[in-house]
Amino acid sequence: MTTANRFAPGTFTPAPGAGKRSAMLFTQAKTETLLALRNGEQALLTLLIPLALLVGLTVLPILSTTGPRIDSVAPRIIALAILSSAFTSQAISLGFDRRYGVLKRLAATAIPRWLIVGGRMTSAVAVVVIQLVVLGVVAAALGWQPRAAGIGWALLLIVLGTLAFGALGVLLGGSLRADIVLALANIIWFVLLLAGAAGIESSVHDHAGGILLLLPSGALAEGLYTALGHGTTPLWESTVVLLVWGAVAAGVATRTTKLT
Amino acid sequence: MAVAAVDVSGLVKRYGGTTAVAGLGLSLPTGTVLALLGPNGAGKTTTVEICEGFRTADAGTVRVLGLDPATQGAQLRPRIGVMPQGGGAYPGVRADEMLRVVGACAAHPLDPAWLLDILGLESVRRTPYKRLSGGQQQRLSLACALIGRPELVFLDEPTAGMDPQARRLVWELIGALRADGVTVLLTTHLMEEAEALADHVVIIDKGTVAAEGSPAELTASAVDDQRLTFHARAALPLGLLVTALPEGCTAIEITPGAYQVRGPISPQVVSTVTAWCAQQGVLADAMQVAKRSLEDVFLDLTGRELRS
Chain R
2 MTTANRFAPG TFTPAPGAGK RSAMLFTQAK TETLLALRNG EQALLTLLIP LALLVGLTVL
62 PILSTTGPRI DSVAPRIIAL AILSSAFTSQ AISLGFDRRY GVLKRLAATA IPRWLIVGGR
122 MTSAVAVVVI QLVVLGVVAA ALGWQPRAAG IGWALLLIVL GTLAFGALGV LLGGSLRADI
182 VLALANIIWF VLLLAGAAGI ESSVHDHAGG ILLLLPSGAL AEGLYTALGH GTTPLWESTV
242 VLLVWGAVAA GVATRTTKLT
Chain Y
417 MAVAAVDVSG LVKRYGGTTA VAGLGLSLPT GTVLALLGPN GAGKTTTVEI CEGFRTADAG
477 TVRVLGLDPA TQGAQLRPRI GVMPQGGGAY PGVRADEMLR VVGACAAHPL DPAWLLDILG
537 LESVRRTPYK RLSGGQQQRL SLACALIGRP ELVFLDEPTA GMDPQARRLV WELIGALRAD
597 GVTVLLTTHL MEEAEALADH VVIIDKGTVA AEGSPAELTA SAVDDQRLTF HARAALPLGL
657 LVTALPEGCT AIEITPGAYQ VRGPISPQVV STVTAWCAQQ GVLADAMQVA KRSLEDVFLD
717 LTGRELRS
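In order, the protein sequence lines correspond to chains R and Y. When we follow the working numbering, the leftmost residue of the first sequence carries the number 2, and every step to the right adds one. When we follow the working numbering, the leftmost residue of the second sequence carries the number 417, and every step to the right adds one.
None of these hints come from the bench; they were simulated from the model. This list has only true hints and no planted wrong ones.
With a Cα cut of at most 27 Å, we get these calculated BS3-like pairs of lysine-lysine:
1) LYS259/R x LYS31/R
2) LYS546/Y x LYS31/R
3) LYS31/R x LYS21/R
4) LYS21/R x LYS259/R
5) LYS259/R x LYS546/Y
With the rest of the complex left out, here is chain R:
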């Protein structure tokens, strides 16, 4: 046998034990973030389409708005970007990760289940941070000047929005077959995109606007617009709507999410 000494004695002598939780979290979140950025379709959804819409809707007079178009467009595109990454992209990747057995693979290691969820959330937040930086820089170049007074509120809404959309994404991606998840996540994304565009056109107070505000996308978009455009406290409904969607989705998802 030419390969008799391929494995020196003692190579596999057991030395079991769990790694550091910080290392587990960091490695998983880093890998999932890289995968999200490297995946062409996901990058299209989370960065390229929001960027194209941000520039297009600002430069071209497609929508009628009061005041500078960028002030109306930028907060809503940020909301759309969060919808794209935390919900659509998350649901699709979770659906396919389940099909490819990665959750079972991870669940078979020393990593606790809650930390697997924590890793996914950390990765979702990291992608949102990258989106905010990219979209923020481009919007600033287009002349956007968000009100400083509203930034604190905007950050709160962004966190709540990311969690609410993330929970909805897990709810969808964790329970159905990957191809069904793919179809549904894209359809919902498109419907909410149109609803968001309609939201720019309609006044918050008319009938259609009222219904849109009950959707997480509408609540996040209008909340960000109020906070960053006027520098005032957003309607409390925005916060409550996001909290309720997030809590309900997370509650259901803990029961319906399957490893495979």
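Given chain R, put chain Y in place with the hints provided.
Frame of chain R, contents of chain Y only:
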């Protein structure tokens, strides 16, 4: 006496109206290799997944490294390595990235680069998982099971989809694990694999143990289980041969032209058969004395008809 690494008794698992595991018991001493052998649907994977804590038993007791996998999974998982059937990785992940994610979960992981190298994955370490061949995915999955330096590994059909070279490598690796004191529970439906690797083979069928023992014990020819086979012209009259054979031997034509003598095969039996052939004026072809293979044992126990 040392605690068994895996101890299962009276295990029952039902899915709806189907009973997948029906009162199965097995025991695996520390540092040995056990092969769970059975046809598709026999309950192999269900049994293994209950031991890993992925499924809960409907009845019976399961102790893995002295722990109950259903309730003490958090203590158990750092000590075991798992290779699930069909692998498991992010579809777009590179082999080395995946191995690092799993390695980060362990206290003293093996070097991922070295593991990829010895498993022949060095050239595809930057290739996305979904573009690896089935055999390469299997080897990555094996690497993930081993990287944490576990004391016990569960390998569910570890060589499925591998070419003969890769299979040899995995066999060799399992031998190295055993030599280093790692306990191995593997499932397979390859007789050759069970025969080559296992200290102990448990043949399961329809959720229960059909037979168990070392490969030698299972194939040991109880004396009357020996057989001598040969080929000759079809439909030879066997009456004279049976009369001439020593007591305890029988002769039958299994399929046209294929003859078998069963019983205690001695040199005298062989010369009787050749003498009888000479009388008949036929030349016996492909004459051989065969002991039962594990495959014979397996097929005798689990039936020869094809399972749906």
